[in-house]
Amino acid sequence: MNTQSSGKALQIAKTYVEAIARKDVDTIISVAADDVVCTSPIGRIIGTPKFREFQDGFARMIKKVMILAIYGDDQQAVVVYNVDTHPVANTIVAELLTVKNGKIASTDVIYDATPFSAYMATVRPH
Numbered sequence: 100m101n102t103q104s105s106g107k108a109l110q111i112a113k114t115y116v117e118a119i120a121r122k123d124v125d126t127i128i129s130v131a132a133d134d135v136v137c138t139s140p141i142g143r144i145i146g147t148p149k150f151r152e153f154q155d156g157f158a159r160m161i162k163k164v165m166i167l168a169i170y171g172d173d174q175q176a177v178v179v180y181n182v183d184t185h186p187v188a189n190t191i192v193a194e195l196l197t198v199k200n201g202k203i204a205s206t207d208v209i210y211d212a213t214p215f216s217a218y219m220a221t222v223r224p225h
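Just add 99 to wherever you are in the sequence shown, counting from 1, and you've got my numbering.
Just so you know, these hints were derived from the structure itself, not from any lab. Owing to the predicted nature of the structure, the values given are computational and were not obtained by experimental measurement.
Within a straight-line C-alpha distance of at most 25 Å, the following computed SDA-like cross-link-like pairs (lysine to any residue) qualify:
#, residue 1, residue 2
1, Lys-113, Leu-167
2, Lys-162, Thr-147
3, Lys-202, Asp-173
Sequences and hints are given; from them, build the entire structure.
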């Protein structure tokens, strides 16, 4: 794993992505601001209740996470990880985290949603 070793945002990003790998949603929420903004290919959410729902759903899908890189300074950090999920294996995810007042103010989640869409097209409604 590659890392740059200084900065508040970097330290928060490490805590955040390590919590993702452990499926530890409580820790993820503990480092997020109350009005956190998360933008991803599935849409934009605001606030910790919605962010918790997003992270809970992701945690249920995760089989394995390998952290590839973490870079950052005092205000921003980038985390890159490979995740195997129940519907799709081997997805590279990058997140740009912005930190204000010691908490994650926003995260832009970047990944190719195409394999997930293809999987959803095969799922039959109950």
